Amino acid sequence: MTKPRVGIFGLAGCAGDQLVLLDCEEELLALADRLDLRDFLMASSENDEQTPLDVALVEGCVASHRDEERLRRLRERARVLVALGTCAVWGGVAAMANEDEEARRERLAAVYGSLGAAYDSLPPRALHEIVPIDICLPGCPVEKRELLSLLAHLLSGQVPPPVEWPVCADCRMAENRCLLQEGVLCCGPLTRGGCGARCPGLGVPCLGCHGPAEEADPSVSAALYIEKGVSLEDARAAVNLFCARAWQESTL
Amino acid sequence: MSTIRIEHLARVEGHGGITVELDGSSVKRVEFEIFESLRLLETLVRGLDCERVSPALSRICAICSVAHALTSLKATEAALGIQVTPRTVQLRELLFRGENIQSHALHFFFLALPDYLGYASVLQLAQHRRATVELGLRLKKLGNTIQETIGGRAVHPVNAVLGGFAKLPTAEQLIALRRALEQGRQDVDLAVELASKLPSIRVGSKPTAYAAASGGTDYGYYVADRAVLLRDGEQLVFPASEYTRLTNEQPVAHSHARYSSFDGQPFMVGALARLSIHQHKLGKRAKEALAQLGLDLPSSDPLDNNKAQVVEMVEDVDYALRLVDELLDKGLSAEPPATVERRAGQATAITEAPRGLLVHSYSYDDHGRLLAADVITPTAINAASIEDRFRAVVAAAEGSRTAELAHSLAMVARAYDPCLSCSVHVIEASDVR
Numbered sequence: 001m002t003k004p005r006v007g008i009f010g011l012a013g014c015a016g017d018q019l020v021l022l023d024c025e026e027e028l029l030a031l032a033d034r035l036d037l038r039d040f041l042m043a044s045s046e047n048d049e050q051t052p053l054d055v056a057l058v059e060g061c062v063a064s065h066r067d068e069e070r071l072r073r074l075r076e077r078a079r080v081l082v083a084l085g086t087c088a089v090w091g092g093v094a095a096m097a098n099e100d101e102e103a104r105r106e107r108l109a110a111v112y113g114s115l116g117a118a119y120d121s122l123p124p125r126a127l128h129e130i131v132p133i134d135i136c137l138p139g140c141p142v143e144k145r146e147l148l149s150l151l152a153h154l155l156s157g158q159v160p161p162p163v164e165w166p167v168c169a170d171c172r173m174a175e176n177r178c179l180l181q182e183g184v185l186c187c188g189p190l191t192r193g194g195c196g197a198r199c200p201g202l203g204v205p206c207l208g209c210h211g212p213a214e215e216a217d218p219s220v221s222a223a224l225y226i227e228k229g230v231s232l233e234d235a236r237a238a239v240n241l242f243c244a245r246a247w248q249e250s251t252l
Numbered sequence: 253m254s255t256i257r258i259e260h261l262a263r264v265e266g267h268g269g270i271t272v273e274l275d276g277s278s279v280k281r282v283e284f285e286i287f288e289s290l291r292l293l294e295t296l297v298r299g300l301d302c303e304r305v306s307p308a309l310s311r312i313c314a315i316c317s318v319a320h321a322l323t324s325l326k327a328t329e330a331a332l333g334i335q336v337t338p339r340t341v342q343l344r345e346l347l348f349r350g351e352n353i354q355s356h357a358l359h360f361f362f363l364a365l366p367d368y369l370g371y372a373s374v375l376q377l378a379q380h381r382r383a384t385v386e387l388g389l390r391l392k393k394l395g396n397t398i399q400e401t402i403g404g405r406a407v408h409p410v411n412a413v414l415g416g417f418a419k420l421p422t423a424e425q426l427i428a429l430r431r432a433l434e435q436g437r438q439d440v441d442l443a444v445e446l447a448s449k450l451p452s453i454r455v456g457s458k459p460t461a462y463a464a465a466s467g468g469t470d471y472g473y474y475v476a477d478r479a480v481l482l483r484d485g486e487q488l489v490f491p492a493s494e495y496t497r498l499t500n501e502q503p504v505a506h507s508h509a510r511y512s513s514f515d516g517q518p519f520m521v522g523a524l525a526r527l528s529i530h531q532h533k534l535g536k537r538a539k540e541a542l543a544q545l546g547l548d549l550p551s552s553d554p555l556d557n558n559k560a561q562v563v564e565m566v567e568d569v570d571y572a573l574r575l576v577d578e579l580l581d582k583g584l585s586a587e588p589p590a591t592v593e594r595r596a597g598q599a600t601a602i603t604e605a606p607r608g609l610l611v612h613s614y615s616y617d618d619h620g621r622l623l624a625a626d627v628i629t630p631t632a633i634n635a636a637s638i639e640d641r642f643r644a645v646v647a648a649a650e651g652s653r654t655a656e657l658a659h660s661l662a663m664v665a666r667a668y669d670p671c672l673s674c675s676v677h678v679i680e681a682s683d684v685r
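Keeping their order, the protein sequence lines are chains D and H. The first sequence begins at 1 in the numbering used here and counts up by one. The second sequence begins at 253 in the numbering used here and counts up by one.
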């Protein structure tokens with residue numbers, strides 16, 4: 001069997017999703033044996049930047065013309081383009097202000113003075129706003145288990161089944177106590193699960209780092225927040241931290 | 253006129269390039285260009301409730317997310333007058349050890365080592381020296397195990413919150429961690445042996461000033477309240493709140509990082525700086541490792557930072573063991589995080605991230621919402637120092653081929669273990685004070 005040609009790339013972000021891959025200490029060498037890893041700048045100084053790729057994993061958002069050009073080139077190169085992590089899928093924390101270009105220019109001027117205008121900078125956007133994406137795996141960072149499952153599926157020519165349930169479902173499976181019942185602002189009802197309710201399991205409210213859950217109904221969640229005495233304004237601000245662009249037209 | 257250009261530096265975190273322009277043997281221009289896209293997180297977090305500031309700003313960087321998350325908590329707690337317990341301080345120091353081991357193992361084995369042994373990547377290296385790579389993976393995993401046990405996750409910790417920890421580790425978890433650390437003691441010895449046998453590479457030395465956070469009697473990362481600058485054998489001390497007197501940041505046109513200097517001179521931060529300033533605080537085994545690696549401190553060779561990281565891994569494993577034993581001895585009765593009262597205040601926290609001195613400085617309004625944040629990261633500080641070292645490399649390389657010189661420049665940049673996504677997040681300091 002020929003090994004799939006794979007490239008791993010980072011745009012604007014913290015490199016956390018590439019780090020999760022490198023954190024697969026038990027699996028990394030076995031994984032490397034099964035992939036034809038062509039282009040991985042964070043880990044290798046010899047990269048093939050031309051060959052077509054079977055799979056490109058791209059983390060980070062698009063926050064400059066340079067990012068945008070790299071992404072367009074990757075779309076042309078890759079048969080399957082994976083948006084890896086919440087920045088790639090929804091824009092992430094860099095997009096929390098959900099700005100237009102003018103607001104962005106003002107912000108740059110405030111930070112860098114007159115030099116700011118010369119820097120290559122765009123309002124942060126998710127990858128799907130620039131090019132079509134084949135697979136989205138959100139998470140800040142992505143869960144290791146989900147990343148390995150994705151790679152295992154791709155290796156056998158499959159796509160993992162989508163995670164559509166909210167964090168609340170994970171929480172119930174784990175029999176955690178419900179923080180929202182106690183009046184704590186928790187983004188669990190709105191947020192895509194798959195993390196095993198990592199934060200609520202520790203008694204920390206969900207911050208919404210995976211973005212919107214397919215099955216969640218924002219108006220039902222809104223009613224729930226009101227019932228529990230949580231202000232909707234606070235709830236909106238909370239989910240906007242990681243995914244402002246995903247929530248801009250929601251009914252929350 | 254000839255130009256040496258590395259378009260996109262590999263085996264570092266983030267996006268940067270190198271340009272050197274030569275006219276005969278004289279250097280016309282040396283630039284370490286950081287073109288990491290701007291995320292401007294410090295300006296975006298204005299207005300956030302105090303409890304969301306640490307999770308938001310930990311996203312500055314994944315590899316040092318513990319340092320950002322905890323330095324952020326430390327600054328907010330100081331600003332809002334929140335007292336944490338000695339056990340919280342111990343657990344945070346332990347979490348820093350985990351991050352340091354993880355980050356150094358990643359850098360030393362995955363990013364730096366291939367240069368010494370003539371490979372392009374750790375995966376190539378694994379085809380020829382699998383045991384060496386497996387050693388690196390075990391150490392990296394050890395660091396991550398500490399981060400997962402104490403912080404709840406390896407990248408972007410979730411268990412460290414304002415006022416303490418959401419959930420304390422159980423005795424069983426700490427005993428398991430203890431076993432992993434015992435294995436780690438053997439592994440760091442193997443790492444020292446490996447580092448002691450690396451081919452000697454000299455690419456151009458130049459004496460430099462060093463800076464590191466300081467405070468407490470132990471060789472520590474979290475417990476610190478001031479910065480120390482070591483230059484020409486003399487130590488200058490800066491209380492945390494006066495950090496701008498040390499860093500004096502200025503924007504430059506060719507880089508998205510602002511450049512730091514003291515008295516017009518750049519200085520280096522990171523493991524080599526910490527060893528140069530705090531070597532007397534090291535434990536016995538780390539002192540032995542330091543001697544075995546023959547590091548002559550303060551060093552004038554930037555590549556020594558790679559070996560300094562190995563010495564720190566020895567210290568960190570021993571110190572983490574000590575902390576785990578103390579935690580087990582004292583028992584782990586429940587200790588909820590201190591109550592957060594939302595009020596106005598401002599404070600600066602200083603710590604040592606794996607790559608060096610880190611500052612988070614905040615002010616809050618009456619409702620505990622963030623008014624302004626200033627974050628000074630180690631790579632932003634090191635950017636000017638890296639360029640300074642490039643000049644020494646070019647001077648020492650007279651007559652060598654372009655490809656060799658480019659390789660030497662890349663090795664020096666890599667030795668600083670730059671974290672370029674960290675480096676570009678800076679804001680005009682006048683907003684904070």
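Because the hints were derived from the structure by calculation, they are not lab data. Accuracy of the hints is not assured; some may be wrong.
Pairwise CB distance ranges (calculated) [stated by the list, open to error]:
| # | chain 1 | residue 1 | chain 2 | residue 2 | range |
| --- | --- | --- | --- | --- | --- |
| 1 | D | 229 | H | 298 | 20 to 28 angstroms |
| 2 | H | 488 | D | 27 | 30 to 38 angstroms |
| 3 | H | 618 | D | 228 | 19 to 27 angstroms |
| 4 | H | 341 | D | 158 | 47 to 55 angstroms |
| 5 | H | 654 | D | 160 | 42 to 50 angstroms |
| 6 | D | 160 | H | 578 | 51 to 59 angstroms |
| 7 | D | 27 | H | 451 | 29 to 37 angstroms |
| 8 | H | 381 | D | 132 | 40 to 48 angstroms |
| 9 | H | 595 | D | 234 | 14 to 22 angstroms |
| 10 | H | 536 | D | 149 | 43 to 51 angstroms |
Predicted model, so just to flag it, every value in this text is computed and none were measured. Glycine included, every Cβ here is placed at the ideal spot set by N, Cα and C.
Now for the hints, and whether the structure bears them out:
For residue 229 of chain D paired with residue 298 of chain H, a C-beta distance near 27 angstroms keeps the hint of 20 to 28 angstroms intact. A C-beta distance of roughly 48 angstroms is found between residue 488 of chain H and residue 27 of chain D, which places it outside the suggested range of 30 to 38 angstroms. A beta carbon spacing of about 26 angstroms between residue 618 of chain H and residue 228 of chain D agrees with the range 19 to 27 angstroms that was offered as a hint. In this structure, residue 341 of chain H and residue 158 of chain D meet the distance hint of 47 to 55 angstroms, their C-beta atoms being roughly 48 angstroms apart.
For residue 654 of chain H paired with residue 160 of chain D, a C-beta distance near 47 angstroms keeps the hint of 42 to 50 angstroms intact. At roughly 44 angstroms, the beta-carbon separation of residue 160 of chain D and residue 578 of chain H lies outside the given 51 to 59 angstroms, and the hint is violated. At roughly 31 angstroms, the beta carbons of residue 27 of chain D and residue 451 of chain H sit within the given window of 29 to 37 angstroms. For residue 381 of chain H paired with residue 132 of chain D, a C-beta distance near 42 angstroms keeps the hint of 40 to 48 angstroms intact.
About 18 angstroms separates the C-beta atoms of residue 595 of chain H and residue 234 of chain D, a value consistent with the hinted range of 14 to 22 angstroms. Between residue 536 of chain H and residue 149 of chain D the Cβ separation comes to about 45 angstroms, which falls inside the hinted range of 43 to 51 angstroms.
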